[in-house]
Amino acid sequence: MTQSAWLSILVMGVVSFVIRALPLTLIRRQIKSRFIRSVLYYLPYVTLAVMTVPAILHISENPMVGLVSLVASGVTAWFSKNLFLSAAVACIATLVMSIV
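Taking the working numbering, the leading residue of the sequence shown gets 9, the next gets one more, and so forth.
No wet-lab data here; the hints were simulated from the structure.
Simulated pairs of lysine to any residue, SDA-like, Cα-Cα distance not exceeding 20 angstroms: (1) K89 x V61; (2) K89 x T60; (3) K89 x P52; (4) K89 x V54; (5) K89 x V79; (6) K89 x L78.
Whole structure, please, built from the sequences with the hints as guidance.
Structure (structure tokens):
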């Protein structure tokens, strides 16, 4: 490996460590701010949505396929509260829209 690759790996490792270790060392008491607690509570869900939704919308050449799949799985998830069923409906909607 080249020197720049090792430097990149080192920088990524330091950044990952700082992101994980800094809150543990700086925050010693319970967070009482309602706003900060709600931000920290919803942060994993928002991060997952930000990573997943663009991938769903760009699943094929036609963005309408991704949109129909996203809506179908969203409606299924809303009413059934079943992740497996929602994923299956999304796959079936993508297959059907790709054939049509």
